[in-house]
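Peer 1: Take these sequences, add in the hints, and give me the full structure.
Residue numbers (my numbering): 94 to 232.
Everything labelled a hint here was simulated from the structure, so no lab data went into it.
The structure displayed is predicted, hence computed values, not measured ones.
Just so you know, nobody snuck in bad clues.
Below 25 angstroms or equal to it, Euclidean Cα-Cα: the simulated DMTMM-like pairs (lysine to aspartate or glutamate) are:
| # | residue 1 | residue 2 |
| --- | --- | --- |
| 1 | Lys216 | Asp111 |
| 2 | Lys216 | Glu148 |
| 3 | Lys216 | Glu143 |
| 4 | Lys216 | Glu129 |
| 5 | Lys119 | Asp135 |
| 6 | Lys216 | Glu146 |
| 7 | Lys114 | Glu148 |
| 8 | Lys216 | Asp135 |
| 9 | Lys114 | Glu227 |
| 10 | Lys119 | Asp222 |
| 11 | Lys216 | Glu227 |
| 12 | Lys114 | Asp135 |
| 13 | Lys114 | Asp176 |
| 14 | Lys119 | Glu129 |
| 15 | Lys114 | Asp222 |
| 16 | Lys114 | Glu129 |
Label pairs and their calculated CB-CB ranges:
| # | residue 1 | residue 2 | range |
| --- | --- | --- | --- |
| 17 | Ala175 | Arg112 | 17 to 27 angstroms |
| 18 | Arg181 | Asp111 | 17 to 27 angstroms |
| 19 | Asp222 | Tyr173 | 26 to 36 angstroms |
| 20 | Tyr173 | Arg128 | 32 to 42 angstroms |
| 21 | Ala191 | Asn115 | 30 to 40 angstroms |
| 22 | Pro179 | Ile117 | 22 to 32 angstroms |
| 23 | Arg122 | Pro171 | 42 to 52 angstroms |
| 24 | Ala169 | Ala220 | 31 to 41 angstroms |
| 25 | Asn127 | Ala169 | 40 to 50 angstroms |
Idealized CB from N, CA, C, for every residue including glycine.
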Amino acid sequence: RPETMLGDTAVAVHSDDDRYKNLIGKMVRLPLTNREIPIIGDAILVDIREPVEWERHIPGALQVPRGLLEFVADPASPRYNADLQPTRRVIVYCASGARAALATLTLQSMGYDNVANMDGGIKAWIAADLPTVEHHGDI
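Peer 2: Printed below as a string of structure tokens:
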């Protein structure tokens with residue numbers, strides 16, 4: 094089973110984003126398990142939901158639909174996004190965690206050795222009262 098975040102170990106946030114700096118080092122209580130885990134920095138959050146699902150998302154998350162993940166994560170691909178580095182901490186999330194679990198396995202098979210699934214997805218993030226933003230652009 095892939096490692097999980099927001100269920101087993103920690104919530105990871107962008108340490109270079111001013112919106113998160115005040116959260117790093119604090120604890121969050123998970124509503125599903127009633128367990129406290131730390132908020133850590135130096136990670137990239139990847140939202141693999143489809144664009145039509147992205148109206149409410151985690152600030153600073155990279156939006157990569159699940160069907161495009163292999164292209165965006167492969168340095169040899171013309172669609173590669175340099176924010177995704179095989180050596181960087183990558184936290185993948187979807188609505189509830191199922192698609193992200195499969196995406197985590199995919200990234201691990203591509204050589205990403207510091208990747209995790211956000212257990213519970215955006216639904217658990219929202220239930221934990223963590224910050225989200227709304228996007229009403231071209232979705």
